[in-house]
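S.K.: When the letters of the sequence shown are read in order and numbered with UniProt numbering, they come out as residues 1 to 82.
Hints were generated in silico from the structure; no laboratory data involved.
Accuracy of the hints is not assured; some may be wrong.
Stated by the list, open to error - Subject to a maximum C-alpha distance of 25 Å in a straight line, what follows is the list of computed SDA-like cross-link-like pairs (lysine to any residue):
hint	residue 1	residue 2
1	64	32
2	64	45
3	64	26
4	64	18
5	64	16
6	64	15
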Amino acid sequence: MQTQQGNFNQAFTLLLSAANWLLIVSVAGFGIAVMASYPLAHTLSIPVQITAHISSLLFATLLKISYVVRCLCQYNLGLEVR
Numbered sequence: 001m002q003t004q005q006g007n008f009n010q011a012f013t014l015l016l017s018a019a020n021w022l023l024i025v026s027v028a029g030f031g032i033a034v035m036a037s038y039p040l041a042h043t044l045s046i047p048v049q050i051t052a053h054i055s056s057l058l059f060a061t062l063l064k065i066s067y068v069v070r071c072l073c074q075y076n077l078g079l080e081v082r
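Given these sequences and hints, build the entire structure.
M.R.: Here you go:
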């Protein structure tokens, strides 16, 4: 039984690391998408602007999902959830 708990801890630790990286990627991607959507919109073509607007929605969704996964992993590992 102890081995199974160790496997879960190892899986949650790996998932926590992946969620942290996804948070970094999604924040960076969201920032780039917002910059391309609004301040730099006059320099970009319409298809690029459409792609930037759609990607801002996708990056925001990824940000929320990765944060929830991060909180779930921290809770199951007995770490402080913040």
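S.K.: Let me make sure I understand: some of the numbered hints might not hold for this structure. Which ones are they, in numerical order?
M.R.: Of the numbered hints, just 2 does not hold.
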